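Enquirer: Each chain is listed here by its residues.
Number of protein chains: 2
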Amino acid sequence: MIKKQLFTPGPTEVPPETLAATARPVLHHRKEGFKKLYFSAVSNLGKIFRSSGEIFILATSGTGAMETAVCNFTSSGDKALVVVSGKFGKRWKELLNTFGVEAEVLNYEWGRPADPGDIKEKLEGRKDIKAVFTTLVETSTGTLHPIEKIASVVKESPAALIVDAVSGLGCDVIETDKWEIDVVVSGSQKALMTPPGLGFICVNKKAKELYEKNERKNYYWDLKKASGRHKNNQVPYTPAVNLIAGLEQSVKMINKEGIENVWERHKMFSEATRAAMDKLGIEVFSESPARGLTAIKIPEGKSFIIKELKEKFGIVVAGGQAHLKGKIARLGHMGYADKSDILKLITALGVIVEDFSGLSAALKAANEIFKKYAK
Amino acid sequence: MIKKQLFTPGPTEVPPETLAATARPVLHHRKEGFKKLYFSAVSNLGKIFRSSGEIFILATSGTGAMETAVCNFTSSGDKALVVVSGKFGKRWKELLNTFGVEAEVLNYEWGRPADPGDIKEKLEGRKDIKAVFTTLVETSTGTLHPIEKIASVVKESPAALIVDAVSGLGCDVIETDKWEIDVVVSGSQKALMTPPGLGFICVNKKAKELYEKNERKNYYWDLKKASGRHKNNQVPYTPAVNLIAGLEQSVKMINKEGIENVWERHKMFSEATRAAMDKLGIEVFSESPARGLTAIKIPEGKSFIIKELKEKFGIVVAGGQAHLKGKIARLGHMGYADKSDILKLITALGVIVEDFSGLSAALKAANEIFKKYAK
Chain L
1 MIKKQLFTPG PTEVPPETLA ATARPVLHHR KEGFKKLYFS AVSNLGKIFR
51 SSGEIFILAT SGTGAMETAV CNFTSSGDKA LVVVSGKFGK RWKELLNTFG
101 VEAEVLNYEW GRPADPGDIK EKLEGRKDIK AVFTTLVETS TGTLHPIEKI
151 ASVVKESPAA LIVDAVSGLG CDVIETDKWE IDVVVSGSQK ALMTPPGLGF
201 ICVNKKAKEL YEKNERKNYY WDLKKASGRH KNNQVPYTPA VNLIAGLEQS
251 VKMINKEGIE NVWERHKMFS EATRAAMDKL GIEVFSESPA RGLTAIKIPE
301 GKSFIIKELK EKFGIVVAGG QAHLKGKIAR LGHMGYADKS DILKLITALG
351 VIVEDFSGLS AALKAANEIF KKYAK
Chain Z
376 MIKKQLFTPG PTEVPPETLA ATARPVLHHR KEGFKKLYFS AVSNLGKIFR
426 SSGEIFILAT SGTGAMETAV CNFTSSGDKA LVVVSGKFGK RWKELLNTFG
476 VEAEVLNYEW GRPADPGDIK EKLEGRKDIK AVFTTLVETS TGTLHPIEKI
526 ASVVKESPAA LIVDAVSGLG CDVIETDKWE IDVVVSGSQK ALMTPPGLGF
576 ICVNKKAKEL YEKNERKNYY WDLKKASGRH KNNQVPYTPA VNLIAGLEQS
626 VKMINKEGIE NVWERHKMFS EATRAAMDKL GIEVFSESPA RGLTAIKIPE
676 GKSFIIKELK EKFGIVVAGG QAHLKGKIAR LGHMGYADKS DILKLITALG
726 VIVEDFSGLS AALKAANEIF KKYAK
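Residue numbers (our numbering), protein chains in the order written: chain L, 1 to 375; chain Z, 376 to 750.
Chain L on its own, in the form it takes in the complex (with noise of 0.2 Å):
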């Protein structure tokens, strides 16, 4: 017997609550049961995304998510501002391309995160520049990028901002009203808890006019008709009814910890393994670690951590995408994850590099940290 557990950067272990609210009966979509269902599932997603905003449910993945966000905030011949330092940050830009916008790149090297400065720079008299594109956390490299900060600069420029918070949202500090992000995508299968299939968009209550107004004609990501059914808690097709019951199973669990509390326990998930692997001897590859995953560079002839970690004891982790396959490991600990499941993690990299002595520090280590926040 081998417990598989995922420790990926997403899809995410998913609570035997959650995974149980989606196998209950099929509601109908037009029907009161599903409203009430749909009703909840959104109030709660508005505490997580910290906006009195819309926010829209759909049946797609994050990258559905972020199309939706192009093609209803922008239109064939616009121009954007584009942050790539990943292959999120990239996504964003081949979304733009396709979508006709021309999308000007502030290329930053993979595993660092963007500079407000070099964005401010960009917007200075700028009045045709439509949107800034960025994302929370570059899940490709376990980046944050400074949204608080890259918000108070777009502010002053009349680009809207929008934000790709697929990874990110539900362990890293995002606040969408109070630092005016006009709009913010995400998706269930990260630290939302909830099996993949269902893509979120939030759109700031001053947002709303950019969507309303803007020329671009679709069909099956049109917000101006999802706005309409919003009101009366449906939305305009088919939705994904047993997912979207999971996701209300899980948005409560979140909401009854606190957001803020949640936050705070992958804060301390992120430094107790940080702190373990300086102690194994393991550098974290990125400048500005996010709170839900720890990118970490394989060290020299120890290509076998990712495929032992799995075979040896069903501990399943990403390894790197693009340049970086084979240069790092990706280790998820956002959304269902506890103290024990980065004790579990840190003891088994440990073990599988025979490191006994870097494996008594970097559990100290982690405890240490731990008892700080348990403070």
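Accuracy of the hints is not assured; some may be wrong.
What the hints assert, rightly or not - Here are the simulated lysine to aspartate or glutamate pairs, EDC-like style, with alpha carbons at most 20 Å apart: (1) Z:K685 <-> L:E32; (2) Z:K700 <-> L:E32; (3) Z:K592 <-> L:E102; (4) L:K4 <-> Z:D597; (5) Z:K592 <-> L:E94; (6) L:K310 <-> Z:E407; (7) Z:K462 <-> L:D222; (8) L:K307 <-> Z:E407; (9) L:K217 <-> Z:E658; (10) L:K31 <-> Z:E686; (11) Z:K682 <-> L:E32; (12) L:K3 <-> Z:E407; (13) L:K36 <-> Z:E686; (14) Z:K406 <-> L:E308; (15) L:K225 <-> Z:E479; (16) L:K217 <-> Z:E590; (17) L:K31 <-> Z:E683; (18) Z:K410 <-> L:E102; (19) L:K87 <-> Z:D597; (20) Z:K411 <-> L:E215; (21) L:K93 <-> Z:D597; (22) L:K217 <-> Z:D597; (23) L:K325 <-> L:E287; (24) Z:K592 <-> L:E215; (25) L:K312 <-> Z:E407; (26) Z:K700 <-> Z:E658; (27) Z:K687 <-> L:E32; (28) Z:K592 <-> L:D222; (29) L:K217 <-> Z:E683; (30) Z:K379 <-> L:E94; (31) L:K224 <-> Z:E686; (32) L:K90 <-> Z:D597; (33) L:K325 <-> Z:E407; (34) L:K35 <-> Z:E686; (35) Z:K600 <-> L:E94; (36) Z:K468 <-> L:D222.
In short, the hints are calculated from the structure, not lab data. It should be emphasised that the depicted structure is a prediction, and the values quoted were computed from it without experimental measurement.
Got chain L sorted already, so can you dock chain Z onto it with the hints?
Expert: Frame of chain L, contents of chain Z only:
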């Protein structure tokens, strides 16, 4: 206690085995376990589509699968012919308009099937029509279109044939390869006995070059990208893993029964329901009734039937859409349904209208049909 049961034409009841499969721990979508599951789901779907072509599974609703077809098989400025005889034919038209395709409409009164002769006439000498869009079953009226005959006339022209079989696949006969249909789209939540959230697109071998050569730029819906991943039992973006686990269970059950037997079972349900309605003095709405649902005219003064079926007996049926609201009821008998379910539905309806002599005759008539099929 009231046990609710969906007799709606989508979403439909899902077998407990399938609900349980959706509640299994989440698989990571880039690992072997998922690839095996995906391969099994796709192979089993092939036997239901009756096609050896490519089958794509998308995280979306049926409408998203329709949008995928429009986006991959037409370019802006193309011309298309579209059959409209209800809400879903109209949806093709709206999608075509949204994506810049000039749609010539063949309108039929709601409830009437398309006439292949009209399509033949429309296509005669026309080399400029890129595709013909139609539905297998118009769910809004419970009407089956004669797709085999339509395919035989479209075949004589350069136009491709694109069929919405969201309603119909897995209950009404469709022979994608044999009838030479280029593209068939469908969804998880009807006769395929799976919760909503998955869209399918089946591309006949001969039609592959149609999307490969097509010029429109797509991202989330891009079949060129999906096709490359597909060979390796992968999809481009995070798939709805747990829904695919449920689907795999349901399509295996369908193929265990045998798709031809499943078609026969639905034919029996449909005939038995119609025979019973006749004895209850209730008229069938459609001139060409589908096998998976029966649309009935709501008898004069009996507008309470939909509400009472639900409140008294937990039986959820659908009302009419658009101008048929209040005029028809749509009784779904597709997917996870057996003879007892049909008797339950007939009985409840007879009891609600308090026509007990009619009910006696109705049940006898239904049983005669069952006996005919048992031979």
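Enquirer: All hints are to be evaluated individually against the structure, with a verdict given for each.
Expert: Quick rundown of the hints versus the structure:
1. With a C-alpha separation of about 12 Å, the suggested pair K685 (chain Z) and E32 (chain L) falls inside the 20 Å cut-off, and the hint holds.
2. Taking the CA atoms of K700 (chain Z) and E32 (chain L), the gap is near 18 Å; set against the 20 Å cutoff, the hint holds.
3. Taken as a hint, the K592 (chain Z) and E102 (chain L) pair is honoured in the structure, with Cα atoms around 15 Å apart against an allowance of 20 Å.
4. At most 20 Å may separate the alpha-carbon atoms for a hinted pair to count; K4 (chain L) and D597 (chain Z) exceed this at roughly 33 Å.
5. At roughly 11 Å between alpha-carbon atoms, K592 (chain Z) and E94 (chain L) fall within 20 Å of each other, so this suggested pair holds.
6. Distance restraint check for K310 (chain L) and E407 (chain Z): the Cα-Cα separation of roughly 12 Å lies within the 20 Å cut-off, and the hinted pair is therefore satisfied.
7. Straight-line distance between C-alpha atoms of K462 (chain Z) and D222 (chain L) comes to about 18 Å, which keeps the hinted pair within the 20 Å bound.
8. Between K307 (chain L) and E407 (chain Z), the direct Cα distance comes to roughly 13 Å. Compliance with the 20 Å bound is thereby established for this hinted pair.
9. Proposed proximity of K217 (chain L) and E658 (chain Z) is contradicted: the alpha carbons are some 41 Å apart, above 20 Å.
10. With a C-alpha separation of about 12 Å, the suggested pair K31 (chain L) and E686 (chain Z) falls inside the 20 Å cut-off, and the hint holds.
11. In summary, the hint linking K682 (chain Z) to E32 (chain L) is supported, as the alpha carbons are separated by about 13 Å, within the 20 Å threshold.
12. With a CA separation close to 16 Å, the supplied pair K3 (chain L) and E407 (chain Z) stays within the 20 Å bound.
13. For the given pair, K36 (chain L) sits about 18 Å from E686 (chain Z) by alpha-carbon distance, which is consistent with the 20 Å threshold.
14. Our distance criterion of 20 Å between C-alpha atoms is met by K406 (chain Z) and E308 (chain L), whose separation comes to about 14 Å.
15. A hinted pair counts as satisfied when its Cα atoms are at most 20 Å apart, and K225 (chain L) with E479 (chain Z) does not qualify at roughly 24 Å.
16. Of the supplied pair hints, the one linking K217 (chain L) and E590 (chain Z) holds, its CA atoms being roughly 18 Å apart against a limit of 20 Å.
17. Between the alpha carbons of K31 (chain L) and E683 (chain Z) the distance comes to roughly 14 Å, so the proposed pair stays at or under 20 Å and holds.
18. A C-alpha spacing of about 37 Å is found between K410 (chain Z) and E102 (chain L), which places the hinted pair above 20 Å, so the restraint is violated.
19. Proposed proximity of K87 (chain L) and D597 (chain Z) is supported: the alpha carbons are some 18 Å apart, at most 20 Å.
20. This hinted pair does not check out: K411 (chain Z) and E215 (chain L) have alpha carbons roughly 43 Å apart, beyond 20 Å.
21. The suggested pairing of K93 (chain L) with D597 (chain Z) holds, with an alpha-carbon distance near 16 Å, which does not exceed 20 Å.
22. The straight-line distance between the Cα atoms of K217 (chain L) and D597 (chain Z) is roughly 18 Å, inside the 20 Å bound, and the hint therefore holds.
23. This hinted pair checks out: K325 (chain L) and E287 (chain L) have alpha carbons roughly 18 Å apart, not beyond 20 Å.
24. At roughly 18 Å between alpha-carbon atoms, K592 (chain Z) and E215 (chain L) fall within 20 Å of each other, so this suggested pair holds.
25. Between K312 (chain L) and E407 (chain Z) the alpha-carbon distance is near 16 Å, which keeps this suggested pair within the 20 Å criterion.
26. For the hint linking K700 (chain Z) to E658 (chain Z), the alpha-carbon distance of about 16 Å falls within 20 Å, and the restraint holds.
27. As the CA atoms of K687 (chain Z) and E32 (chain L) are separated by approximately 16 Å, the hinted pair is consistent with the 20 Å bound.
28. Taken as a hint, the K592 (chain Z) and D222 (chain L) pair is honoured in the structure, with Cα atoms around 18 Å apart against an allowance of 20 Å.
29. Proposed proximity of K217 (chain L) and E683 (chain Z) is contradicted: the alpha carbons are some 41 Å apart, above 20 Å.
30. For the hint linking K379 (chain Z) to E94 (chain L), the alpha-carbon distance of about 46 Å lies beyond 20 Å, and the restraint is violated.
31. Taking the CA atoms of K224 (chain L) and E686 (chain Z), the gap is near 34 Å; set against the 20 Å cutoff, the hint is violated.
32. Pair hint K90 (chain L) plus D597 (chain Z) holds up; C-alpha atoms about 17 Å apart against a cutoff of 20 Å.
33. In summary, the hint linking K325 (chain L) to E407 (chain Z) is supported, as the alpha carbons are separated by about 18 Å, within the 20 Å threshold.
34. Between K35 (chain L) and E686 (chain Z), the direct Cα distance comes to roughly 17 Å. Compliance with the 20 Å bound is thereby established for this hinted pair.
35. Distance hint between K600 (chain Z) and E94 (chain L) is fulfilled; the C-alpha atoms sit about 13 Å from each other, no more than 20 Å.
36. Between the alpha carbons of K468 (chain Z) and D222 (chain L) the distance comes to roughly 16 Å, so the proposed pair stays at or under 20 Å and holds.
Checked against the numbered hints above, the structure breaks hints 4, 9, 15, 18, 20, 29, 30 and 31 and satisfies the rest.
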